Amino acid sequence: MSTTPSQLDAEALYQTLVQQIQAGLQGATEVALVGIHSGGAWLAERLATELGLAERLGFVDVSFYRDDFSEKGLRADVKPSQIPFDVEGATILLVDDVLYTGRTTRAAINELFDYGRPARVLLAALVDRGGRELPIAADFVAASVDLSKQENLQLQRADDGRFSLTVVHA
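Positions 626 to 795 (this note's numbering) are the ones given, in order, by the sequence shown.
There's no promise every hint is true.
What the hints assert, rightly or not - Here are the simulated lysine to aspartate or glutamate pairs, EDC-like style, with alpha carbons at most 16 Å apart:
(1) Lys704 <-> Asp686
(2) Lys704 <-> Glu736
(3) Lys774 <-> Asp753
(4) Lys774 <-> Glu758
FYI, nobody ran anything at the bench for these hints, they're computed from the structure. Remember, it's a predicted structure, so these values are computed and weren't measured experimentally.
Whenever a hint applies, use it, and build me the whole structure from the sequences.
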């Protein structure tokens with residue numbers, strides 16, 4: 626289902642994503658969440674609470690793993706990756722806020738495999754905005770939206786933990 630940017634209610638989308646993940650992970654064992662900084666990390670924190678996976682929550686910052694690192698350079702807010710559990714043989718739910726080219730996802734998977742070999746990696750994204758440059762698809766996605774290359778979709782988190790989405794014109 627394609628949604629227009631003005632219809633994006635981040636809280637409603639989050640609830641849709643939770644329902645999809647709960648249904649999709651029924652019966653799965655050794656599940657762990659890994660959020661991609663920063664929007665995916667925010668989502669993963671809330672998901673961990675709702676799914677009872679607070680002890681199996683990790684985060685990755687893909688800054689050093691991106692294939693366009695030389696173009697983008699080092700961001701001032703690079704955060705260390707934290708994966709405080711054994712990924713070997715685990716089902717990893719990789720969480721990102723917006724799926725676009727697939728390059729961030731590829732970088733996150735590369736980093737994840739530096740920690741071990743999971744049994745499988747599933748991808749959850751709040752929004753898929755199309756524009757893929759790599760053969761990457763989310764297993765769980767709350768909405769799809771069409772945006773131009775000059776538009777970016779940004780997830781914000783309020784002090785009370787609630788999410789909102791904003792379209793930013795480049």
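Quick rundown of the hints versus the structure:
no.	hint	verdict
1	Lys704 <-> Asp686	holds (6 Å)
2	Lys704 <-> Glu736	holds (14 Å)
3	Lys774 <-> Asp753	holds (14 Å)
4	Lys774 <-> Glu758	holds (13 Å)
No hint from the list above goes unmet by this structure.
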